[in-house]
Structure formats: structure tokens, C-alpha cells
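Residue numbers (my numbering), protein chains in the order written: chain A, 1 to 113; chain B, 114 to 226; chain C, 227 to 375; chain D, 376 to 524.
The set of hints was computed from the structure by calculation and includes no laboratory data. Every residue gets a Cβ at the ideal spot worked out from N, C-alpha and C, and that includes glycine. Fair warning: there could be bad hints in the mix.
In silico contact screen, one side only, chain C against chain D (beta carbon under 8 angstroms); selected entries [to be verified]:
no., residue
1, 227
2, 230
3, 231
4, 232
5, 252
6, 256
7, 260
Some chain C residues close to chain D (C-beta under 7 angstroms, calculated; not the full set) [what the hints assert, rightly or not]:
no., residue
8, 234
9, 236
10, 244
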Amino acid sequence: MIDLGLERSDRDGWAVLSVAGEVDVATAPRLREQLIELVNEGQYRIVVDLEAVEFLDSTGLGVLVGALKRVRTYDGELALVCTESRILKVFEITGLTKVFPMHRSVDEAVAAV
Amino acid sequence: MIDLGLERSDRDGWAVLSVAGEVDVATAPRLREQLIELVNEGQYRIVVDLEAVEFLDSTGLGVLVGALKRVRTYDGELALVCTESRILKVFEITGLTKVFPMHRSVDEAVAAV
Amino acid sequence: MSEVVELEIPARPEFLSLARLLVTAAAAHDPLFPEDRLDDLRLSVSEACTNAIEAHTAAAVEEPADEGADSIRIRCLLDTERVAVEVTDHGGGFDPGALAAHPPVTDPARLDFERGLGIPLIRILTDEVEFRPSPQGTMVRMVLHAVSI
Amino acid sequence: MSEVVELEIPARPEFLSLARLLVTAAAAHDPLFPEDRLDDLRLSVSEACTNAIEAHTAAAVEEPADEGADSIRIRCLLDTERVAVEVTDHGGGFDPGALAAHPPVTDPARLDFERGLGIPLIRILTDEVEFRPSPQGTMVRMVLHAVSI
Ligand SMILES: Nc1ncnc2c1ncn2[C@@H]1O[C@H](COP(=O)(O)OP(=O)(O)O)[C@@H](O)[C@H]1O
Ligand SMILES: Nc1ncnc2c1ncn2[C@@H]1O[C@H](COP(=O)(O)OP(=O)(O)O)[C@@H](O)[C@H]1O
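Sequences are here, hints too, so could you generate the full structure?
Written as C-alpha cells, this is what we have:
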């Protein structure tokens with residue numbers, strides 16, 4: 001089974017979730033759980049760092065869309081860090097770069113608001 | 114198709130052939146050709162450096178045995194550099210560590226004679 | 227003439243990564259297939275296999291699967307300039323023409339939809355795609371050229 | 376119950392690496408299969424596939440292969456503690472009991488033999504091996520335990 005790396009940290013009042021590995025229908029449930037847990041803890045400002053993600057499919061996109069909707073309900077925000085063209089392309093061709101705040105680094109994401 | 118890396122260099126009168134990648138029935142013919150070419154050029158003291166080899170099968174062993182026989186005809190020698198346990202194991206279980214001079218580096222191989 | 231490489235895996239999510247690995251390695255075989263098109267191929271095949279696997283899960287709720295029918299087949303036809311991949315399942319089939327489109331991405335209601343991006347992605351990434359649903363299951367045939375046309 | 380993953384490739388050397396990749400990835404699936412046993416599995420399967428491919432080449436000299444028969448099949452049966460791999464070809468078959476042994480490695484005459492190490496390697500690396508030759512081809516069944524016994 002593929003391992004999905006999930007690491008939490010905090011930065012200037014943002015919860016940073018760093019994801020590593022392959023996000024597909026086998027691993028996305030763990031990403032979803034982790035994001036729901038953050039919101040349940042009252043973290044509504046979340047940065048998801050996708051720099052170490054090697055593969056992301058439509059299930060992964062769906063989990064991120066669901067999390068964005070959830071934090072926005074609380075007037076929060078969910079920003080993405082993504083520079084790898086392989087992963088960036090998936091957001092671009094689905095138009096989701098217009099939905100998510102996209103950044104080139106966690107620093108940039110945190111500074112942007 | 115898999116690429117087999119083959120690089121020639123010279124060291125203290127020895128011809129050093131550095132092999133990289135996977136040696137199997139698809140790629141072994143290129144290794145055989147290169148070794149025959151060396152002998153045809155009059156190089157009878159050869160070090161085959163297997164440090165960058167990721168896979169070696171019985172065809173690869175056969176090519177090395179054939180080359181050893183060829184250089185020995187000319188009173189030459191064929192020494193191997195191999196420390197990776199994955200590759201070393203193939204020589205060990207076939208008993209061929211007793212046939213080839215095995216070394217831990219090109220320096221050691223060249224100094225050994 | 228195409229080279230044919232065929233893979234059969236259990237219809238379960240944890241085998242998806244094997245399908246991606248094999249199809250990408252098979253296409254990388256031919257050095258004319260560049261990295262970015264391998265990425266497109268990897269994602270298209272993965273989406274088609276995900277749907278195939280989910281179709282099995284859905285079908286199994288209603289009736290237990292026949293012996294040996296709980297696997298999906300991935301057939302790659304490799305040519306110098308293109309790869310065709312056929313993904314076949316034994317799920318319940320569907321009507322690809324009846325799928326609803328999402329609201330525009332700028333519409334806040336877009337966020338209500340977590341699913342339904344798989345087939346749109348396949349349509350964008352492939353040069354050709356054909357769905358052949360039947361009550362016995364579905365075959366999705368995708369063609370990708372080494373250079374997108 | 377075993378998980379079954381099956382691969383079919385053209386009977387040609389350039390597809391060998393796909394077989395190695397798939398079988399190793401399938402077995403790595405189960406985290407109990409350690410790195411050194413994956414190496415043993417990779418080499419055993421590769422040797423069996425090489426023989427299967429060479430059997431096709433040899434058979435094709437005498438009579439052209441039937442339509443679709445020029446492929447070899449690799450069937451992996453995955454369990455928590457062991458992997459069984461069956462390699463099936465449509466070559467001419469052989470008598471595994473009639474293979475001659477090499478001279479001892481210390482004998483200079485050993486160097487006269489470049490071939491004949493494939494089956495000895497398979498026998499050493501696997502926990503069980505069985506050859507089922509027939510005039511229609513050969514099936515080699517190899518079993519490797521996660522921990523060599
Ligand atoms: N192979 C298939 N067998 C049965 N139904 C399918 C198949 N592929 C797709 N579908 C149906 O089409 C719908 C849309 O698929 P898709 O665009 O991939 O989005 P998602 O899988 O996220 O719902 C699926 O929810 C499913 O109902
Ligand atoms: N699947 C097979 N079909 C037909 N003949 C085979 C098969 N596997 C092995 N053989 C025969 O057994 C011989 C010994 O095989 P092996 O020990 O792998 O060494 P090598 O392949 O180097 O000759 C082969 O040369 C071949 O004649």
C-alpha cells in the first residue's frame with residue numbers, strides 16, 4: 001500500500017499541512033480526515049503544502065474542494081502551496097486555480113493575507 | 114527500453130569499464146560487445162566496475178565469465194568492483210566469487226596485482 | 227503493429243498504484259513519449275481505473291460478484307507515436323452522456339461538488355476517449371499521442 | 376485468500392524489465408516483504424521470464440507462432456507471508472531433469488560455460504519451484520516466503 005505522508009505544523013496562526021506521496025482514492029480518505037480534524041479543532045486558516053506530492057487525482061481535488069467549503073463556512077481560508085508543473089497542471093486544467101489561493105511557498109501563502 | 118550505461122577509462126595500465134543500470138538478456142549484448150572490443154584492442158587487464166548496477170541476472174554473469182576466459186587466454190585478468198549486497202549476492206550464491214577477483218573499489222582492484 | 231501489454235488487478239483502491247506504475251513504465255519504453263505526456267497518461271488511466279473500481283463496489287452492494295469477476299483489466303496497445311489503453315470492468319455500466327456539468331468555477335455553488343471531475347479530466351488529457359458501457363460492465367478506451375494533438 | 380495480479384507481455388527481452396517492476400511492486404504492497412526478499416523475487420521472476428522468452432524465440436525458428444500466442448503470462452498470487460508467481464510460455468517445453476550441472480567453480484573448465492545459471496539461481500532463491508513443461512509450453516511456479524525458510 002502506498003504511504004501518504006501527512007505532517008502538521010503551525011506558522012503565524014495558520015495550520016500548515018504538508019502532504020507527501022500519492023493522493024488517490026486509496027489515500028485521499030486520510031487527507032480528508034486530517035483536514036476535518038483541523039476544522040473540528042477550530043483551525044479555519046489552513047495551508048496545504050503540496051510540494052512533496054507526486055500524484056494527485058480528482059479524488060484529491062475533491063477533498064481539497066470540500067475542505068475549502070468547510071473553512072469558508074467559518075470565514076476561514078484554505079491556501080495551497082504548489083509549484084511542481086505535474087501537480088499544478090491538474091488545478092489549471094480543471095479551473096481550480098481560480099478557486100484556491102495558489103502560492104509558491106508556505107512563507108508566501110502565510111504572508112499573502 | 115532500459116539504458117545500460119557503459120563508460121571506459123584507463124587507470125595504471127588497466128582498462129576500467131563502469132557499468133550502470135540493469136544487466137539482463139536485453140542489455141547484456143552491449144556489455145559483451147564492449148568487453149570483446151577491449152580485448153580486440155589488446156586490453157587484457159580489465160576492471161569491471163559494477164557499483165552503479167541495479168540488477169544483474171545470469172546472462173550478465175555469463176558475459177563476465179566469457180570475458181574472463183578471453184583475457185585469461187592472453188594471461189590477462191578481469192577483476193570486479195562490487196560492494197552492493199544485492200549484486201554481490203548473485204556472485205556469492207553461484208560460487209563465482211571464487212572465480213573472479215572481487216574488490217571494493219577500482220583503486221583496490223588496480224593495486225591488488 | 228501495436229505491442230500489447232495487459233494487466234489484471236483486483237478491483238480495489240490499493241491496487242491502483244500498480245496500474246499507474248505499469249502503464250507509465252510501458253509507455254516510457256518508447257523514448258518518444260515525453261515526461262509531461264506520461265503524466266497525462268498516468269492520470270487518465272488512474273481516473274478510468276478508479277471509476278472501474280468504484281463501479282465494482284457499487285455493483286457488489288446489490289448482488290455479490292461472480293467468481294473471478296472482481297478484477298479489472300488494463301490493456302495497453304503501444305505504438306511508436308501513441309498509446310491506447312482500454313480499461314474494462316464488470317460493474318453496472320452507466321450513461322456517459324447523462325453526466326451533469328459542474329457550476330462554473332467562479333460560482334460559489336461550485337464548492338458543493340467534490341466529485342465528478344474524473345471523466346472531465348480524462349476528456350481533457352486524452353486525444354481520444356470512448357466509453358462502451360453495457361449491463362455486463364464498461365470498457366473505456368483512451369488514446370494518447372506522444373505529442374498532444 | 377490470495378490477491379491475484381496478472382501481467383501479459385510480448386515474448387521479447389525489452390519487456391522483461393516491466394515484469395520485474397510489476398512483480399516487485401505487487402509484492403512490496405505487503406509491508407512484510409523485506410527488501411532482500413524482493414531482490415530474490417525480482418531475480419527469480421526475471422530468470423523464469425528470460426527462459427520463457429528464449430523458448431518462444433527457439434520455437435519460432437521451427438514454426439511461426441500462432442496468432443496471439445507470442446506473449447508470456449506472469450500471474451502473482453499475493454498473500455501476507457508469501458508470494459507465488461506462475462510464468463507461462465507457449466514455447467516448446469523441456470525436460471528440467473535432464474539439465475547438466477556445471478564443472479565445480481574451481482575447475483578451469485568452468486569458464487567454458489556462459490549459460491545454464493538461470494534455473495540453478497531460481498532453485499536457490501525460491502522456497503519452492505515447480506516446472507510444468509508440455510509440448511504447448513511451460514509453466515514455472517515459484518513460491519517465495521517473506522522470510523526465507
Ligand atoms: N466505469 C464506470 N462504471 C459505472 N459507472 C461509471 C463508470 N465511470 C464513471 N461512472 C459514473 O460516472 C460518474 C462520474 O464519474 P467521474 O467524472 O469520474 O466522477 P466521480 O467518479 O468523482 O463521480 C461516476 O460517479 C459514476 O456514477
Ligand atoms: N520455459 C522454458 N521452455 C523451454 N526450455 C527451457 C525453459 N526454461 C529453461 N529451458 C531450457 O533449460 C536450459 C537451462 O536454462 P537456464 O538454467 O535458465 O540457463 P540458460 O537459459 O542460460 O541456458 C535452457 O537453455 C533451455 O534449453
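>> Min Cβ distance, residue 256 of chain C to chain D: is it shorter than 8 angstroms?
In response: Since the shortest Cβ distance to chain D is 10 angstroms, the answer is violated.
> Holds or violated: is there a CB of chain D closer than 7 angstroms to the CB of residue 244 of chain C?
Replying inline: holds (6 angstroms)
> Can residue 230 of chain C be said to touch chain D, with a Cβ gap under 8 angstroms?
Replying inline: Residue 230 of chain C check passes; min Cβ-Cβ to chain D is 7 angstroms, inside 8 angstroms.
>> Less than 8 angstroms between beta-carbons is the criterion; does residue 252 of chain C satisfy it with respect to chain D?
In response: Nearest chain D Cβ about 6 angstroms off; hint holds.
>> Hint residue 227 of chain C vs chain D: min CB-CB distance below 8 angstroms?
In response: violated (10 angstroms)
> Holds or violated: is the Cβ of residue 260 of chain C closer than 8 angstroms to a Cβ in chain D?
Replying inline: violated (19 angstroms)
> Should the hint that residue 236 of chain C touches chain D count as held when the rule is a Cβ pair under 7 angstroms?
Replying inline: Holds - the Cβ of residue 236 of chain C comes within 7 angstroms of chain D, reaching about 5 angstroms at its closest.
>> Less than 8 angstroms between beta-carbons is the criterion; does residue 232 of chain C satisfy it with respect to chain D?
In response: holds (4 angstroms)
> Hint check: is the beta carbon of residue 231 of chain C less than 8 angstroms from a beta carbon of chain D?
Replying inline: Interface hint status for residue 231 of chain C: holds (5 angstroms vs cutoff 8 angstroms).
> Should the interface hint for residue 234 of chain C be scored as holding, given a Cβ-Cβ cut-off of 7 angstroms against chain D?
Replying inline: The hint holds - residue 234 of chain C has a Cβ within 7 angstroms of chain D, the shortest such distance being about 4 angstroms.
The structure shown violates the earlier hints numbered 1, 6, 7.
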